[in-house]
Every structure is written in structure tokens, then in C-alpha cells.
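Enquirer: Using the hints provided, position chain C relative to the given structure of chain D.
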Amino acid sequence: MEYFNDHRRLYLTALALFVTLTLLVVIIPAISNQTNNGLLPGYELPSDEVVAGKALYIANGCVACHTQQVRDVAMDEVWAERPGMAADYAGNHRQDFWRNTATLMGTERTGPDLTTIGTRQPSRDWHLLHLYQPRAVVKESIMPAHPWLFEEKESLDLKDVEVTVPDEFKAHKNMKVVAKREALQLIAYLQSLKQIKIYNPSAVAKFLYKDEAKQGKEAGAAKNPGAKGQALYAQHCQSCHQSNGEGLKGAFPPLKGSPIVNDDNPELQITIIMRGYDAKPEYGVMPAVGTNANLNAEQISAIVNHERSSWGNKGRAIPPAEVQKIMDMIKNGK
Amino acid sequence: MIYQMTFLDAARAATVKTENLITAPGIVITLVLLFIPILIMVVLLLMKIRKLFAIKSAARLAGTNGDLLLSTTDGLLKNINQHAAVPFVSVKRKAQIRPYTDPKLASLILWFLISATFWLILGTTVGEYVGIKFVAPDVDHYEWLTFARLRPVHTNAVFWGWSSLGMIGLGYYVVPRVSNVPIHSTNAGWWTLLLINSSVLIGSLLLMAGINNGGGEFREYIWPVQLLFAIGLALTLNNFLKTVAKRTTKEIYVSNWYMVTAVIFAIVLTIVGYIPLWQDGLGETITQGYYMHQGVGMWFMLFSLGLVYYFLPQQLNKPIYSYSLGILAFWAQILFYTLIGTHHFVFSAIPWSLQTVAIIGSMGMVIPVVAGTTNFLMTFMGSWNKITNSYTLPFFLVGIVFYFTGSLQGTAEAFRYTNLMWHFTDFTVAHSHLTMYGIIAFLLWGCMYAVVPRLTRVEPPQLGVGLHFWAAFIGLMFYSISLMVGGTLRGYMWMDGKPFIDSVIMMAPFWLWRAIGGTLMWVSHLAFAYNLYRMIAFRHTVNDTMATEPEPEAATYEIATAKG
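Heads up: the sequence lines are chains D and C, in that order. Numbering follows the numbering used here, in which position 309 of the first sequence is assigned residue number 385; successive positions increment by one, without gaps. Numbering follows the numbering used here, in which position 126 of the second sequence is assigned residue number 131; successive positions increment by one, without gaps.
The following block holds chain D by itself, in its conformation from the complex (with noise of 0.2 angstroms):
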């Protein structure tokens, strides 16, 4: 160990390490990644106020609960319909001069990843209650609430965002809630957070780990779809019309004793979850939840099912057949 007494040759020999090892893994690998990069087609450029949205999110630190990497794992087909892919990100470049490039992917998920939350949830009424007080949607919920994206008034103005709150979630019961622009660009960036289609299927990642074991207990969930139904319910509805199905007053309207629900014709309610729905002013406007998730006639059957045989509704049950043939029709354009 003559060699390393002197301390120059000992220091420098491991630097000279450290450094190689850091170009190898990091540095090269880096540069290639971003030579060899490149927007999907499809892709479009954000609006100046998403971009503003986008600086809101990382400002208020969004990124330490929520992720955005859909990784090809199979626990990760509920976020996206693909794996995320390097081009999913080209589009970030550095902020600004004293701030670097945030892809945002994240680490955590203490909340949900939010890819494709632009698709998953788009209604812009649901955000802004969800922002102004987490809790008055989804009331197990621990996300922060963020008022300070709100002001209170007396009155409305003519281009005044009116947030229908919840009286008990009011500081003051009297005052109306109005969006700051902030919130709006926020939601904004939130609404514009999708994957991009891929129209060559081969040329995305598979997801990996299907559950073998799963296949079977899906055969076992066949005997029990009420259990299915409930979670489906969860996953896709429960936000905004809660799992008492009474929705919430003035936002989103209630499933229990809806005469659409309970109908014996299940067409509306079946085109409602499939198109989405802006008929009543006093509501929310309602996404096209199932052809955005993608669902098929199997689980919306389980959905409409499970809202038709709950919370006191007594409606016909809708074998997935039946959904089927409506699921048809409206995608032939009926």
C-alpha cells in the first residue's frame, strides 16, 4: 500500500474512479437519452396556461405524493392503458434559469398517479372542489387542502368560477368561493395530463407480472359481482357520487332513488356512464367515465349492477349481453 502514503496519488486515484463510474451510469447514458429522443406525433404543445399550471404543481410540491410513470407492471394498467415510454417525456426541458427540468415521475404514491388524470377525471368542477377541500369529495382522503388557490366574496363578478362548497367545508357560510386564476391554470395543467395513443401496438411494452393466480380468482369473482361491482364502483364513481351514491348537493347529483338508475330501460344510464352527461345546470358536468377507462360491457355491467342493488335502488339487474348490445349502438353512432 506504498502507493496510497501519498495522498495526492491515493485522492486523485479515486476520483478518477468515481468519476468514470459516474460517466458510465449517469452522464453518457443521460446525453444518449436525450439525443435519441423525440415527441410522439400527437403530441401538443401545452397552452400558456398549463405551462403556468404546470409551475404551480411543482411549486406547491404536488410531486412528493403524486407519481407520473406508469411502469409495464401490471399493478400499473388501472393508471394508463400502456407502460410509460422515454418519449413520454421529451417534451420537458428546463424550466427556466434557476430551475431545472422536472419530469415530475415522482417516487411516491401516496396519492394516485396522475398520467392520464386529464383523462381519467376531467370534469373541472370536480377539481375545484377537490383543491378547495380534498375532504368534501372523498372523505377518506389526507390530501392538503388548498385554499389560498380560492378567494371568498360577497358577490360574483361577470367572469368569476363559482365553487359550489359544501357548507360544513366553509370558513364562512355566507361568503361564495371563487377560483383564483391560479387554480384555474392548475386545473388546467391537471386536464391536460394524458398519454399520447399509440396506433402500433407492438411497439409498446407489454405490462409485466399478470397475476396467474388472479385469472382464477377473476373466474371466482364471476360467482360474487357484487364485489366487483363495488370496487369498480370505487375506482370510477365513488368520487364524485360517494359510496352512499348521494353525490354531493349542488356539485354531484345522487344515485340513490334516481329514476335513470332505477329505470328498467338501462340505455340512458348505460350512455350516460359511456358519453358522459351536461344535462342539469345545477351539476357538475360528467366525463365519459367508461370510454375513457376503457371499460368493457363485463365491468360496466358490474357498475350499473351494483348501483341498480344499492343504497335502497331496486332496479332490474343488466347482464353484461344486454350491455353489450347498447355499448354497440352507441358506438354506431346512435
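Just so you know, the hints here were simulated from the structure itself, not pulled from any lab data. Be aware that one or more of the hints could be misleading.
[Said to hold, decoys possible] Restraint-style ranges between C-beta atoms, simulated for each label pair:
(1) D:D236 with C:I276: 40 to 50 angstroms
(2) C:V371 with D:N112: 29 to 39 angstroms
(3) D:R85 with C:I276: 18 to 28 angstroms
(4) D:T96 with C:P356: 14 to 24 angstroms
(5) C:K251 with D:T96: 21 to 31 angstroms
[Claimed, not checked] Below, a list of computed lysine-lysine pairs in the DSS-like style, where the Cα atoms sit at most 30 angstroms apart:
(6) D:K356 with D:K252
(7) C:K503 with D:K215
(8) D:K332 with D:K304
(9) D:K246 with D:K325
(10) D:K282 with C:K503
(11) C:K97 with C:K391
(12) D:K246 with D:K229
(13) C:K503 with D:K270
(14) C:K503 with D:K273
(15) C:K109 with C:K255
(16) D:K304 with C:K503
(17) D:K401 with C:K503
(18) D:K325 with D:K304
(19) D:K270 with D:K356
(20) D:K325 with C:K503
(21) D:K332 with C:K503
(22) C:K503 with D:K390
[As the list claims (entries may be wrong)] A short list of chain C residues far from chain D (calculated; beta carbon distances all over 12 angstroms):
(23) L39
(24) F58
(25) W518
(26) T524
A virtual CB, placed ideally from N, CA and C, is assigned to each residue, including glycine.
Expert: Coordinates of chain C only, in the frame set by chain D:
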């Protein structure tokens, strides 16, 4: 290359059955690793209880309360207990008076440790508050105090404020000591202290104001803020290097291998992490994986190991077991640790080959970890009885045990199957606390309790140290075990395709236990701060030569070093 690709493809295509969860290698390893610190805790407790009985029976046998006054003038007997009553806590060995330390250097070191403790208290108060927000999300609605802005304030304050300042301060004690020369410049040290403190202060305020670098963990400070930190490091590096260059020993003691290299690497890291040339698109994430993990492994771990190579032998009063094992661990750590950053992004859009390299590197980490742990434990060998008589050694023992379990847990987490289950869950949070807290913080405390009494000649209150140790240890176990169990269940629910909100509801009790563990840890920090205050505020003097009692050895040493 083609062979390699097909091999990888085959590995990718592998399917996993969930029913043999308990036999998955990653899980088995983790369970075993979890068992080790608990076992150590039980053994330490048993030793404590046995000692309590021994003292009682000894007092009974003696039938006296020690009315015999002992005193010596030849220095053969020290710390004579004149009032042998049955004590509430057993009396620990007092710190040995060490060779002369320049009062200027001593006060620099103390200020480093005081600043570090300030950031420990502040950073963990924020951490505790953030932990409470998991249980009570509506506890406040202020923009500057929102969860996601405070979380990086916590992580960065304990990284750059507490751990870094603590390490550098201790480094200022060790580097000149093992080089057998005075430090090159104390002024540079004061500048470092000022720069790093301002970096953390400004950085924390900016984060709360919503100004951050774009979300990569531990890279949240914008570059001008981190630049202050880097300049501080550069000054210290120059200072350490010049001190080592002037050394009067032929070899460079292994501590200085680790510590000086750690400072060099931390500077490299800052440069790589903050230069924008390779950070477009996914490049940012590739850099992030490297940056965040090398920050832990090449800065905190390497530096702290260097400290242990000095303080452990000193506290045990015997040489390190094997010098060459330390050197082997040094090179192996650099070789394997540098590769593993990407394991934070397994299954992501980062190139598969890079992910595989990271996983292999994680397996390679077994070599430096086992080498290091063996070395430390073999140094302990034959001196286990000293643990019960010392208030510093338990901290070292816990730090070393977590070095073994925490690091190997990292290896277990990198297996693809366990990664599948634990990634994105609170398991990762548990792991980072087991390592940054269980290893780094415990080792730093051990070192600080060893150094400060030598500088101020005041012992910490023993009850305070005991409270500190046990609250921190038990708190950490509560904290990490609840998050590990909860994280596993949550990952399992996700794999099962359960609705996301169900996994949030399921976590609630685990988050509560985490907050309870966190509170214990936080209380222990208050105890530590009090102990530090007692040691510093009531000092007789900062080591100005022999104020209270004659100390011939120190005087002769002083002359000897002046000559040599």
C-alpha cells in the same frame, strides 16, 4: 450483447405467483434483517436489568453506603464514586481527558455541532408536523405550511443542516488528529459553517415560499442556494487536503481516506446534479436516481464510516480489527454504490440495461457492507462488557447494526419482485429512516458524545443520554416497523387491483403509529439538545490547559507534538 438481451427478455417475461409471498427472497431477507435490531434491543435491555440486580445485591452485601472516602493523587484511580447508593441509572465510564485541542478549533467544532443540533430540532419538528398531517390533514391551511412544501424542508434540513454540519464538525476534530498536525486553517471552517447554515436557511425559506428546483428529492434547493453549500464544501476540502498534506504520519489513516474522499465526491455530485447539459427529458430522472442515492452513499455513508474508523477504536481503547478490511470496503463501496442509483426507477421508462446494472450493483453492496460490519464487530469482540459501562458505545452498536440491516434491506428492495411490491409505498420512507437515522444519526450522536466532553470537560447528564438513546431507538422501531408492515400491505393491495382509496384507508392506523414513533424520536432530540447544552453551557473552559486538575500527560504530549 445479443445473448445478454435474450437473457434480459427472459427475465422480463418471468411471471410471479403471489401466494408464495412469504418465501420470496426479498421478503425473507427483510424479515431476518428486521429481527436483528429487535434482538439487540432485547439483549441490551436484559443486560440493563441484570446490572440493576447486581448493583442491588452488591450494595446489600457491602451493607454500607460507602462511608469510606477514597482519594488518590497519582492519577491511577479516576472518577471515584464517593457516594455509593443504589443509583437509579448505573454509572457510566467518564470521558478520558484527551490531548490538547486548540481552543480556537474546539470552539469551531462546538459551533458546528450546535448548528447541526439546531437543524436537527428544526428539521425533525417539521418532520413530526408533516407526519401528523397524515393523520390530521386539516390541522392548518396555510400556504407556507402545506404538507408538500414542508416535506422537502424536513428532508433537506436534516440532510444538509443536521447530518452534514454534524459530520463536517466532527471531521474538523478527526482529520487533524489522525494526521498528527494542527488544522490548516480554522478560518476556512468558520466560512464553511456560515455558508452551509445560510444555504439551509435560505433554501428552507424558499421551499416554503414555493420556489424549488423542480421536484427531485434532495435536489429541491435551486442552484444558487446549493452553490453556497458547495463552496462551503470546497473550502473544507482544501482545508482537509492541506492538513493531510502536512501530516507527520507516513500512512494516511483510513478515516482520512473515507472522509476526504466523501467531501470530493459530494462536490462532484453537486456538479453532476446541477449542470443542465444532460438533464432534458428523462435525462433529468437518470441524473436524479444517481444524485439522490450517491448523496446518501458517497457523502453521508462514506464520511460517517470514516468517523467510525476513528471513534470506535478510540472508545474501545484498542486498534481497529483489520485495516485492510477497511480499505477493501472503501474501494468496493465506490465501485458498487456508484452503480445503484437507478434502482429507484425500476420498471420505469429508463433503459432496462441501466436498471439491471443498478440491481447488480445493489447485490454487490453486500461486499462493502459485510466487510465494514465484520470489521466493526470484530473490533468490539472481547470488549462487549464495555458497552454497559459506556454511554457512547450503545450508539455505535446501534449504528453498526443498522448499517448492516439497513444497507442489506436496500439490496433486498432492489430485487425486482420486492420492488414491485414496495416501490411507491411508505416502505421506502421506513428504509430511508432506518438508514439516515438508524445509521447516520446514531453514529453521529455516538461521536458527538465522545468529542464534546473532551472539549468542554463536562459530562452529559447520564439520565439525559439514556432518555435520548432509548427514545430514539424505540421510536425508530415503531416508526419503521409500522411503515414497513403498512407499506407491504399497501403494495399487496395495489397488486390485487383494489381501489386506491381503500389502500389510503388501510394505512391510517400505520400512519398513526408512525406519528407516535416520530414523537418519541422527536422527544429524544430534545433530550439530546439539552445534553449538549449541559455539556457546553456549564463548561469550565474550552480546553484551556488544565483548569481544574493537573494533567501531566497532556502537557508532555503538547511538548512532544510541538517538537515532532
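Enquirer: Each hint: holds or not?
Expert: Hint check results:
no.: 1; hint: D:D236 with C:I276: 40 to 50 angstroms; in the structure: holds, 49 angstroms
no.: 2; hint: C:V371 with D:N112: 29 to 39 angstroms; in the structure: holds, 34 angstroms
no.: 3; hint: D:R85 with C:I276: 18 to 28 angstroms; in the structure: holds, 23 angstroms
no.: 4; hint: D:T96 with C:P356: 14 to 24 angstroms; in the structure: holds, 19 angstroms
no.: 5; hint: C:K251 with D:T96: 21 to 31 angstroms; in the structure: holds, 30 angstroms
no.: 6; hint: D:K356 with D:K252; in the structure: holds, 21 angstroms
no.: 7; hint: C:K503 with D:K215; in the structure: holds, 18 angstroms
no.: 8; hint: D:K332 with D:K304; in the structure: holds, 19 angstroms
no.: 9; hint: D:K246 with D:K325; in the structure: holds, 14 angstroms
no.: 10; hint: D:K282 with C:K503; in the structure: holds, 21 angstroms
no.: 11; hint: C:K97 with C:K391; in the structure: holds, 10 angstroms
no.: 12; hint: D:K246 with D:K229; in the structure: holds, 12 angstroms
no.: 13; hint: C:K503 with D:K270; in the structure: holds, 23 angstroms
no.: 14; hint: C:K503 with D:K273; in the structure: holds, 26 angstroms
no.: 15; hint: C:K109 with C:K255; in the structure: holds, 27 angstroms
no.: 16; hint: D:K304 with C:K503; in the structure: holds, 10 angstroms
no.: 17; hint: D:K401 with C:K503; in the structure: holds, 28 angstroms
no.: 18; hint: D:K325 with D:K304; in the structure: holds, 27 angstroms
no.: 19; hint: D:K270 with D:K356; in the structure: holds, 27 angstroms
no.: 20; hint: D:K325 with C:K503; in the structure: holds, 28 angstroms
no.: 21; hint: D:K332 with C:K503; in the structure: holds, 24 angstroms
no.: 22; hint: C:K503 with D:K390; in the structure: holds, 26 angstroms
no.: 23; hint: L39; in the structure: holds, 21 angstroms
no.: 24; hint: F58; in the structure: holds, 47 angstroms
no.: 25; hint: W518; in the structure: holds, 15 angstroms
no.: 26; hint: T524; in the structure: holds, 18 angstroms
Checked against the numbered hints listed earlier, the structure breaks none of them; every hint is satisfied.
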